[in-house]
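Peer 1: In case you want the letters, here they are:
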Amino acid sequence: MKRIFTVLLLVLIAFNAFATGEKEGQGVEFIMNNGTEPASLDPSNISGVPEHHIYMAIFEGLVIYDPKTSLAAPGVAESWTVSPDSTQITFKLRKEAVWSDGTPITAKTVVDSWLRTLAPETAAEYAYMITMTVKGAEAYNEGKGPASGVAIRALDDRTFQVDLVGPMPYAVDMMAHYAFAILPMHVIAKYGNNWIKPGNMVSNGAFVLESWKPQESLTVVKNPKYWDTANVRLNKITFLPIEDRLTAYNKFKAGEIDWADGIPLELVDEIKLRPDYQVSPQVGTYYYIFNMTRKPFDNPKVRKALTMALNMQDLVSKITKGGQLPTRSMVPAMAGYTPAQGVAYNPEEAKKLLAEAGYPGGKNFPKVTILYNTLDAHKKIAEWVQESWKQVLGITSISLTNQEWGTFLDTRQNLHDFDISRAGWIGDYLDPNTFLDMFMSTSGLNDGLYNNPEFDRLVRQAASMPAGKARMDTLRKAEEQLMTVDQHVITFYHYVNQDMIDLTKWDGWYPNPLGSHEWKFIGPKK
Amino acid sequence: MSRFIVRRLLSTIPTLFVIVTLSFFLIRLAPGGPFAREKKVPPEILENLMKAYHMDEPLVKQYLRYVGGVLKLDLGPSFKYKDQTVNKLLGVTFPVSLTLGIISLAAATFLGTLVGIISALKQNKWQDYAAMSVAVLGISIPLFVVGPILMLVFALWLKWLPTSGWITSRAGLATLVLPVITLMLPPFAYIARLSRGSIIEVIRSDYVRTARAKGLSEKVVIAKHVLKGALLPVVTYLGPAFAGIVTGSVVVEKIFDIPGIGKIFVQSAFNRDYTLIMGDVILYSVILISANFIVDILYGILDPRISYK
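These protein sequence lines are chains A and B, in that order.
Counting along the first sequence from 1, when you hit position 249 you're at 249 in our numbering, and nothing is skipped either side.
Counting along the second sequence from 1, when you hit position 234 you're at 234 in our numbering, and nothing is skipped either side.
Only chain A is shown next, with the shape it has when bound in the complex (with noise of 0.2 Å):
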């Protein structure tokens, strides 16, 4: 028995060495934790932040995401201007600008490359970024009208121009966005749906890809071709699938991996006194829709009352406590915005409230059901929920239920067969709009059917109006009619970016609000 355990020990010890052995002499290798296994490559097809990850580094459009700020900065394009009205805005292209075979990027190379992201059959779903920006893409995308009628020129090989639907002062900053990625088009032309393969795949970010084993790990290597390659400090990243948090959150204490995009929930207490945790407001709420056409909820009084009933101080305190910001707005502040909000929290006129709408001491208030998709953390906030109702209002029909993610998805949006409904939404750009927008009574993500035409008007009114302060006071109120004036959404908590990465040990790394991390800025510390 002995002999088998020294043998065991000994090839223990043999693995062990041959596992550290090869770690030496890789250059400034970088690996991540990209949380799941990308659905695509092709900037046309993906839909994910894993897959947003890996295209900021093996691609770049016109302008990328600021480390700091997620604003747009520099990509492709080394400038442009915007026309006065903030209707048009033309980019000029650095003339360094080539594909990784060599091949220069032209401004014909951006118009071909966003119309084959909106071409019906390329079936882009993400295509309505580039729908609600630019002037006949949509009538392009819908298969109504032609790809002459969409909005976008080469005026000559280094000035591309497009002409936006209105006066949309974010379009800039949204053109980081993948859906507005320049693409290959003479790879793509030769490999067709191949092009995305090692070996075909030809890019223009910081890096280019080496190898791709799926489910397992993907490999990008610096690109000599890059038109700022000299600034790029990493030599290698690695990007790992690891689905299971607790995994990934232990591969990082072993030293196996650089960043872990993530934590595992239920650690959070002992990972939040770690110097290696991050954590930063991300641009998202956490919120609950009451379906405004079921009663009780049809009463703003009702819908107050729940509210105000609620002390998020204590949810993100003893409940979520990642570092979550409490809120009663929709909108996460942003510069130049002062969100509206709704009621606070205060259980003494909250009791009123509900007495006043018929149900004194929470006596005959119908039975509903709080529903969420089956995740530990929904369940432990919605149990919050149904208790803090219980103890402030005194109300005892509340039960819970919880659906598998694509059922729930068609209960809440499709079927709108729901009480009240967990939602969360993570801004695709730094604009209110984009938090506002959905509650429009025309909008087919107004799960909740919320219906004022002030505030339809007001949304619609601040669409045609140019940047500035007059703007941003439109979209205050119509933030001030959905959660001041309706209520209709009761909002816990702004997210927060939770990532496990050493800053003492790597640089060019900046919490930001959009969570957008352009690799080519990111390097060892000196």
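Check each hint, because a few of them may be wrong.
[As the list claims (entries may be wrong)] Pair by pair, the computed Cβ-Cβ distance ranges are:
| hint | chain 1 | residue 1 | chain 2 | residue 2 | range |
| --- | --- | --- | --- | --- | --- |
| 1 | A | S397 | B | S133 | 45 to 51 Å |
| 2 | B | I103 | A | K318 | 42 to 48 Å |
| 3 | A | K379 | B | D206 | 58 to 64 Å |
| 4 | A | Y191 | B | L302 | 53 to 59 Å |
| 5 | B | I103 | A | T442 | 54 to 60 Å |
| 6 | A | T442 | B | L59 | 52 to 58 Å |
| 7 | B | I103 | A | Q391 | 51 to 57 Å |
[As the list claims (entries may be wrong)] A few chain A positions that, by computed beta-carbon distances, are all more than 10 Å from chain B:
| hint | residue |
| --- | --- |
| 8 | T87 |
| 9 | A154 |
| 10 | K251 |
| 11 | Q313 |
| 12 | T504 |
Just so you know, these hints were derived from the structure itself, not from any lab.
Remember, it's a predicted structure, so these values are computed and weren't measured experimentally.
From the three backbone atoms N, C-alpha and C, an ideal C-beta is built for every residue, glycine too.
The hints should help you fit chain B onto chain A, whose structure is shown.
Peer 2: Chain B in isolation, oriented as in the chain A frame:
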């Protein structure tokens, strides 16, 4: 025997056909679809997507198209992993689960049988109690507890082994140790108990008594007479266990970040990745049917009372 094999092989065709048909329609009955998102896809874009995946066609036409593909061994493109075909995804992930499964099951069978024999021969002695206590633990502690504990002890505290990954990663073969131990525990424990029980039973049977009476040595009696008879229940168990273990353990693959098929099996259901679910189901069915088939044949070899005509 050969007639039996041909007959069994032929009978798998309608079985598979029923499985494909039922699964095809059942998964489409589940609410939601492959393009459901928190940020609901605008209807015009959804229309483009439905067209691209032929989902705008009548269901029967989609079914015939799918079955046509399956007959040509083409399982179609994945809805979620848009750059990959289902054939490619299964082709990459299945060998991983197969490797891990075979190693784990081989280890479990060898160690399980060994422990079973020792327990049976030392019945009601301390060796028996110790072995069976381990077996009870192996069956009752869930993998999602064993896995992280092993990782904590051997990877984080002792730093002997990598936390996770697969043999093709930098850490190499060392990545196998913890997942194999985790994955083999339940079948090991089960086999140990199963073989102990059947050995005790067989050891008291008439033909073993006859063998002993003939004056054969204890070793020969155990190896030649007892084991052959006693292993039958183990073989019965090995068929479905093999099918189960090589098609991937979701828990172990998730905990140890192993790029196997188990991980995508569950995820494909949540993603409503219709083609990938179908691919998984077909693969699983083929393996299960084949494993049972092989067990039936082994029965004929191991048990002289069974003959196939």
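Peer 1: All hints are to be evaluated individually against the structure, with a verdict given for each.
Peer 2: Hint check:
1. A:S397 - B:S133: 45 to 51 Å: Given a distance of about 50 Å, which is inside 45 to 51 Å, the answer is holds.
2. B:I103 - A:K318: 42 to 48 Å: Given a distance of about 46 Å, which is inside 42 to 48 Å, the answer is holds.
3. A:K379 - B:D206: 58 to 64 Å: For K379 of chain A and D206 of chain B the Cβ distance comes to about 60 Å; the hint holds.
4. A:Y191 - B:L302: 53 to 59 Å: 54 Å, holds
5. B:I103 - A:T442: 54 to 60 Å: 59 Å, holds
6. A:T442 - B:L59: 52 to 58 Å: 31 Å, violated
7. B:I103 - A:Q391: 51 to 57 Å: 55 Å, holds
8. T87: Given a closest Cβ separation of 23 Å, the condition holds.
9. A154: Given that every Cβ of chain B is farther than 10 Å from that of A154 of chain A, nearest at about 26 Å, it holds.
10. K251: Answer for K251 of chain A: violated, closest chain B Cβ roughly 5 Å.
11. Q313: Correct as stated: the minimum Cβ-Cβ distance to chain B is 26 Å, above 10 Å.
12. T504: 21 Å, holds
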